[in-house]
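Residue strings, one per chain:
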Amino acid sequence: MSLILTPNFNEPGKRYFRAFSPGDDFYEALIETHRDLSDTQSALLNAKLVLLLANHIGDIGVLREAMKIAREGV
Amino acid sequence: MLSTYRYPKYEYVPPPEMRSGEPGRYPVVVVGAGPVGLAAAIDLAQSGVPVVVLDDDDTVSVGSRGVCYAKRTLEILDRIGVGDACMAKGVSWNVGRTFFREEEVYNFNLLPQPDHKRPGMINLQQYYLEQYLVERARQLPNLDLRFRNRVVALAPAGDGATLEVETPDGAYTLAADWLIVADGARSAIRRMMNLDSEGRVFLDRFLIADVVMKADFPAERWFWFDPPFHPGQSVLLHRQADHVYRIDFQLGWQADPEEEKKPEKVIPRIRAMLGPDREFELEWVSVYTFQCRRMQKFRHGRVLFVGDAAHQVSPFGARGANSGIQDSDNLCWKLGLVLAGKAPDSLLDSYSDERVFAADENIMNSTRSTDFITPKSRTSLNFRNAVLTLAGDHPFARALVNSGRLSVPSFLTGSRLNTPDAAAFAGDMVPGAPMDDAPMHEDGAGFWLLDRVGNRFMALVQVDDPGAVDADLAREFKALSVDAIPVEVVLVSGKPGRAPEGLRVFADSGGRFAERYDSAPGTVYLIRPDQHVAARWRAFDASRVRAALARATCNTI
Numbered sequence: 001m002s003l004i005l006t007p008n009f010n011e012p013g014k015r016y017f018r019a020f021s022p023g024d025d026f027y028e029a030l031i032e033t034h035r036d037l038s039d040t041q042s043a044l045l046n047a048k049l050v051l052l053l054a055n056h057i058g059d060i061g062v063l064r065e066a067m068k069i070a071r072e073g074v
Numbered sequence: 075m076l077s078t079y080r081y082p083k084y085e086y087v088p089p090p091e092m093r094s095g096e097p098g099r100y101p102v103v104v105v106g107a108g109p110v111g112l113a114a115a116i117d118l119a120q121s122g123v124p125v126v127v128l129d130d131d132d133t134v135s136v137g138s139r140g141v142c143y144a145k146r147t148l149e150i151l152d153r154i155g156v157g158d159a160c161m162a163k164g165v166s167w168n169v170g171r172t173f174f175r176e177e178e179v180y181n182f183n184l185l186p187q188p189d190h191k192r193p194g195m196i197n198l199q200q201y202y203l204e205q206y207l208v209e210r211a212r213q214l215p216n217l218d219l220r221f222r223n224r225v226v227a228l229a230p231a232g233d234g235a236t237l238e239v240e241t242p243d244g245a246y247t248l249a250a251d252w253l254i255v256a257d258g259a260r261s262a263i264r265r266m267m268n269l270d271s272e273g274r275v276f277l278d279r280f281l282i283a284d285v286v287m288k289a290d291f292p293a294e295r296w297f298w299f300d301p302p303f304h305p306g307q308s309v310l311l312h313r314q315a316d317h318v319y320r321i322d323f324q325l326g327w328q329a330d331p332e333e334e335k336k337p338e339k340v341i342p343r344i345r346a347m348l349g350p351d352r353e354f355e356l357e358w359v360s361v362y363t364f365q366c367r368r369m370q371k372f373r374h375g376r377v378l379f380v381g382d383a384a385h386q387v388s389p390f391g392a393r394g395a396n397s398g399i400q401d402s403d404n405l406c407w408k409l410g411l412v413l414a415g416k417a418p419d420s421l422l423d424s425y426s427d428e429r430v431f432a433a434d435e436n437i438m439n440s441t442r443s444t445d446f447i448t449p450k451s452r453t454s455l456n457f458r459n460a461v462l463t464l465a466g467d468h469p470f471a472r473a474l475v476n477s478g479r480l481s482v483p484s485f486l487t488g489s490r491l492n493t494p495d496a497a498a499f500a501g502d503m504v505p506g507a508p509m510d511d512a513p514m515h516e517d518g519a520g521f522w523l524l525d526r527v528g529n530r531f532m533a534l535v536q537v538d539d540p541g542a543v544d545a546d547l548a549r550e551f552k553a554l555s556v557d558a559i560p561v562e563v564v565l566v567s568g569k570p571g572r573a574p575e576g577l578r579v580f581a582d583s584g585g586r587f588a589e590r591y592d593s594a595p596g597t598v599y600l601i602r603p604d605q606h607v608a609a610r611w612r613a614f615d616a617s618r619v620r621a622a623l624a625r626a627t628c629n630t631i
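Residue numbers (my numbering), protein chains in the order written: chain E, 1 to 74; chain W, 75 to 631.
Some clues are possibly wrong.
Stated by the list, open to error - Quick partial rundown of chain W residues pointing at chain E, CB under 8 Å, derived from the structure:
(1) H190
(2) N268
(3) L269
(4) C366
(5) D445
(6) T453
(7) P469
(8) F470
(9) R479
(10) S489
(11) F499
(12) D502
What the hints assert, rightly or not - Covered by chain W, per the in silico footprint, the following chain E stretches (three or more residues, Cβ under 8 Å):
(13) 32-42
(14) 53-66
Worth flagging that the hints you see were computed from the coordinates, not collected in a lab. Cβ atoms here follow ideal geometry from the backbone N, Cα and C, with glycine treated the same way.
Based on the provided sequences and hints, a complete structural model is requested.
This is the structure:
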């Protein structure tokens, strides 16, 4: 399995009529999760989120690929 | 400042009530002659309902204002007779480009599919749209358009509303069985009725400039995040008719609107964007803020709110005028049936329900765009910039770039007017869907499907061979067209041919209809007058069509 880089968001049971809707649903939820937090609190939240999602993905090869792309240009 | 457009001055004519001294009474009065009020008045008048339109002004919108008219709006404008004029003057476009700092990170095509009559979007200054609508309105003898008629008082009653109207000659009284309120975001009628429109105010200011230049920019939408010529903010460029370009600059909340409007302030901003050698002239400048809000419901007894009077969105996505025109599209056929005594007034509650649903979708999408374009926290800005950084190389991030999700019609899937599917269908033409277009032929002549449906209920019945349709079945089809609410049955077939009983045949020679509607011989689509799907089946059954029609018109007991 390699890192998925094409649009991949969906919510089971939800029907989408517009291609942008699932990604926008996710993005809104992401920003909403940070609402009213200080920058420091948000940084901690993001760190926890990365760890949770990394464990869910599990495949360390995939994670290394993601880490490499994330590091590019930073 | 330069002027590429000469504003018409519409003459005030003393209304008959002033001359006779008698109060007038009309089935429908529309307040506001903007795009939405005019669209509603034309729609009703061309279906035979006499309408009076009251407007406190005597010209069209000043400045370009609503510039983007979406495919669905153009289809509605076609139905009310101004689509071609708008197309001829407007600038068609499908491609949008998004830049982050110095680089293009993403582009989109609004209409990747072939075989639709109208493009994804046209750009046209709002004053042209209003002018064409006024010209169309004036062709309709039962449409009385009254300029410089200001409503100053309103008394709603169980059977309508009474209005006090002020004119240059003094005041008069007018009664309406139904009142359509299209007097804009600061609706005076809404205030007179003590009704609220609630939602969120965005603390940001935008400068809009109409600039005339003989430039060679392609007809595309260009959007910049954090460009070098306007650091930290966003900029949007659109080409309009007459070599007028519309530029929107995000200014931030701290900006002083009066100061920012001054040419000596605006011109350097534009010069920084266009470069020192480009010649241009300023035509119109405005500074705006915006809100996303709506009324709880759009029907209050005999008073029906449409457009910005009912709901407001941020400008990203062009969902203001476009959604208002769709309000009118949804409302007029329902009001027509209620006025004719063919449907109970509860049908008008479905106007509110369906368009509240659409307004919420528009507010959601335009709020999401606004939050992406103008992040409210450091973290939100980091995520936004991370998306833009990844978007150059990675398709998933491109899909997250949100510089405005451009106006598309709502799928009214939750509407109680729909009859749920009893059989399986692929594709998107579900009950409640706005119809997809398709090229068709009738008697050898080509036409677009959406030009031949609408204004009445229709059943599109797919058959293998029109010539082989049984005469008894043909008579069953014809019987539907003489019901109290007629349903016109049209056969759709991959093959041309003559059908019995003079039934019309739409030949789907290219197979687009079959493809887009997942239609096969036997398939039946019941279509509402506003070109939305009401019901569909895999086989024709007149009693099921009648039941679905009753449901779509609130005539079920």
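_A closest beta-carbon separation below 8 Å is what the hint needs, so does T453/W meet it against chain E?_
4 Å, holds
*Go through the hint on C366/W and say holds or violated, using the shortest Cβ distance to chain E against 8 Å.*
Not OK, violated: C366/W not within 8 Å of chain E, min 14 Å.
*asked:* Hint P469/W vs chain E: min CB-CB distance below 8 Å?
replied: 5 Å, holds
*Cut-off 8 Å, beta-carbon criterion: hint that D445/W touches chain E*: 6 Å, holds
*Hey, does the N268/W contact hint survive, CB to chain E under 8 Å?*
33 Å, violated
*Once the shortest beta carbon distance from S489/W to chain E is found, is it less than 8 Å?*
14 Å, violated
*Satisfaction of the L269/W interface hint, Cβ to chain E closer than 8 Å*: At about 29 Å, which exceeds the 8 Å cut-off, the nearest Cβ of chain E leaves the hint on L269/W violated.
*Holds or violated: is there a CB of chain E closer than 8 Å to the CB of F499/W?*
Constraint on F499/W not satisfied, violated at 13 Å.
*Hey, does the R479/W contact hint survive, CB to chain E under 8 Å?*
Holds, because the Cβ-Cβ distance from R479/W to chain E comes to roughly 5 Å (cut-off 8 Å).
_chain W covers the region 53-66 of chain E, three or more CB atoms within 8 Å, holds or violated_ = violated (count 0)
_Interface hint check: D502/W, Cβ to nearest Cβ on chain E, cutoff 8 Å. Holds or violated?_
6 Å, holds
*Interface hint outcome for H190/W [beta carbon to chain E under 8 Å]*: 16 Å, violated
Checked against the numbered hints given earlier, the structure breaks hints 1, 2, 3, 4, 10, 11, 14 and satisfies all the rest.
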